[in-house]
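Here is how the chains run, residue by residue.
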Amino acid sequence: MNDVNASVEPVHSGPGKKGRREDERLLTGRGRYADDVACAGALHVAFVRSPYPCALIRGIDTAEAKASPGVVAVFTGQDLLTSGFLDTPAPFKLPQGDGSFAHETPRPHLARERVLFVGEPVVMVLAETVNAALDAAERVAVDYDEQPAVVGIDDALAADSVQVWPDRPGNVGYDWRGGDDAKVTTALAASHRVVRLRSHISRVVAAPMEPRSALAQIGEDGRPVLTASHQSPHQLRGEIAPRVGLKPKELRVVAGDVGGSFGMKWGPLREEILVFWAARQLGRAVRWTAQRSESFLSDEHARDLHVMTELGLDADGRFTALRVHYDVNMGAYMSGRSVPPIFNIGGISGVYTTPAVSARVVGVFTHTQTTTAYRGAGRPDATYAIERIIDVAAAETGIDAAELRRRNLIPKEAMPYKTSFQFTYDCGDFAGNLDQALELARYSSFEQRRAEARQRGKLRGIGIAMPAEMAGGVGADWATLRADADGGLTLMPGAMSVGQGHETAFAALVTERMGIPADKLRFLSGDTDLIEAGKGNGGSSALVMGASAVLKAVDDLIRQGTEQAAQKLEAATTDIEFGQGRFRIVGTDRSVGLAELAQAAALAGAGEFTPPSPTFPNGCHICEVEIDGETGHVQVVGYVSVEDVGRVLNPVLVEGQIHGGVAQGLGQSLLEEIRYDENGQLVTGSFTDYTMPRAADMPPIISANREVPTQLNPLGVKGVGEAGTVGAMAATTNAICHALAAVGVPHLDMPATPLRVWQALRDAGYAPAAQ
Amino acid sequence: MPATRRPHSELKAPATTMKTTITLTVNGSPVQAQVEPRALLSDLLREQLRLTGTHRGCDTGQCGACTVHVDGRAVKSCTALAAQFQGTQVTTIEGLAPAGTLHPMQQAFKDQHGLQCGFCTPGMVMSAVDLVRRHPGASEDTIRRELNGNICRCTGYQNIVKAVQQGATAMAAAAASKAG
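The listed protein sequences derive, respectively, from chains D and A.
Going by our numbering, the first residue of the first sequence is number 65, and it counts up by one from there.
Going by our numbering, the first residue of the second sequence is number 10, and it counts up by one from there.
Check before you lean on any hint, since a few could be wrong.
Simulated coverage check for chain A against chain D, where a stretch passes if three residues somewhere in it have a Cβ under 8 Å from a Cβ of chain D [stated by the list, open to error]:
#: 1; region: 59–73
#: 2; region: 125–139
#: 3; region: 158–165
Some chain A residues flagged as far from chain D (calculated, every beta-carbon gap over 10 Å) [said to hold, decoys possible]:
#: 4; residue: V40
#: 5; residue: Q41
#: 6; residue: T88
#: 7; residue: R143
Everything labelled a hint here was simulated from the structure, so no lab data went into it.
From the three backbone atoms N, C-alpha and C, an ideal C-beta is built for every residue, glycine too.
All chains, please: the whole structure from these sequences, using the hints.
Set out below in structure tokens:
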């Protein structure tokens, strides 16, 4: 049982004008990303990847590649098996609607008998230089027997479809159900009105600016070390160890600075594991850094699902029932990484009192890259499902979109509130979020701005989304705080930063409580040798779990220090008080410092925190757009985010997370899309084809915090890492569709690229008025 | 229908690759280096000179993480051959300000929380300094448009724009005090 103490005072500290602890290093080129680590003599890897979405491998001829200058080794999938490196599946067991269980598919580290998507690794070439490896990879001859492939969800579900896996009939990997669907059926039948929408959430890719990279070498103590751009070193170590017949402690995994990850740099990633294996096999250091075009092929993608929603309303516009059905394009392989749409589907009940909610999620195999978690990991999808259908209902009923939401909000007086689906909210002020966002967005004067835009030949739209998501609820996190003999402290949290600034945020928690100056605190993270256990990064959990564990480590250090001080000062522990780095006998001048204690005996505090239940960040986003009817170009002209992420410890870092999160949701709605052609070839394989949001695409964002602290952890925080994206995808799409609905386009799927918008307008017979 | 992917026989490389010698100035110090004809400027900086602050994020000149200054102008070092830079003055993020100090633009990024993961940051800062040189007193619109060649995945650009504005003001003030 956690002793939860919500009476801790808020700590508003960290960067303001001073910046983060991390910044100076990163701004002067002294960051240490995986590819920056020097390693003389390391071999370089090039992968031969499948050019076909589906083919049988009839043979592989590596002779010419092996004879190529500088080549040291060439490995095929068969070579791995022969040398005892077995396929180790990522175990996965998911209960399905019919009571049976869905299981993972096999997945070899290098494809052997067949390839199942363009880019699947087939052969690994190791050479003395990058160029020698790339040259030799061109000399590998793979005899492929191309087979018919299936790319899209609808084609894969068609009765006569090609089957990706013979033992998964109909290309269905799982068929999951949740909620009381019979109740929903009854409620929908009795509803005054039922609105329906079938839409699609596009396939995107995380595209962190630092590509994946791994370096395996033998450490000074003779143990193998993997340095990787990964968001959870302990988790990666746990994946690698059994595959290569080691105990976790027999290897070390280090993540230095990580240049963004967003959920993608997690799990048993094939190339990283192969790099580690090859280094041990050859007894040499081995490194691989993806080129960006290789990243588009080899990084797991995300989202890509059909969303079918039915929302019932009574005559007063109150929601009676909601049914959501997803068909999710999982790509070619299924594992525990395939199910973010299910894990975070709780968000579909939203911030509303809808009495009956049910869902069905079908995982569909296709000959494409696997899809997995990406910022929000199913949360933006769930929020999109409910928030988009509310806007469709508003349009059909003629009730204003804000008013329709207001009629259905869970009142704060009803907290804690158990929804009719999965979530039980501990706290929140949803009406307050809505009111504040409407005011900041000047919602009441929108029609004037729309009329003014019309004068200029522009179509203006406004869209609302009220996200509610689950954060920080899975497992535990840990932290250690050690007193050093020089009077400093060393903090070793299990949570690690992949850009957010935890070094700053966590350090502030410690220095304020311990009463030591910032430069006396050392910070170590992302290293399995230095840190006993850690979650790494994911699920908006770093503050909720990681920082709570840090607080517990602080408490533990003070408790142990008090005991040691009592002994040294020959006093009762109850007479010892701690402050400014010293333990004192109350009311006397007799004291002992942390340094003196640390010199005498080891002194370290350990913290572990498991939240009793998840937290629920929530908010209201309002996006305003202007569409050029001549060109189809969408300009986002206003963006407001009101977020309740619980207690805000560091407003600057929180705002940074919201800005970046909004950019990723907005980028998906407007610009980004991973696209395969009908033959299964990836056609968005570089930043030339895959449109990342640039500075000019982004509006100035007005962000406000509406703090309703949770009692579920000692800091009162709810998590902020994903909130921006969760709200932005729905709000932006709603705004675009609102603008288009006025001229007869009821819905347009993302991304709202100029061509797609222009085409939709022309299809609807829209002709811009002559200027 | 069977389809076989054959090796590209025309790609046979010579057993030894001819290297050329170039001399240039990097961060104020003279450098003489042997480079393969196909070596990129970013290869020279990162691999040979170990100036790893210059990052490679896309290999196609889109993301700008590799931006350095050549004779005072911003250049994307991942899409330029090292051999082209004979006799030039190259400045990387490591050489933008004297050791232990920050250039006004670096200070501005720190003050405004204009970076998160930091991977795009060196290129972003180098581009921003060149942007201010070309457009002193640039408007927000100009700054956003001129940053088109630098992609950031973390910040949503809002604080980067604020940082460039602060950096521009500070650079102008520094120039004025030098002139005065």
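Now for the hints, and whether the structure bears them out:
1. 59–73: Result for this restraint: holds, n = 13.
2. 125–139: holds (count 8)
3. 158–165: holds (count 7)
4. V40: The claim stands: V40/A keeps its Cβ more than 10 Å from every Cβ of chain D (closest is about 16 Å).
5. Q41: It holds; Q41/A is separated from chain D by about 20 Å at its closest Cβ, greater than 10 Å.
6. T88: Since the minimum Cβ distance to chain D is about 12 Å, T88/A lies beyond 10 Å and the statement holds.
7. R143: Answer for R143/A: holds, closest chain D Cβ roughly 16 Å.
In terms of the numbered hints stated before, the structure departs from none.
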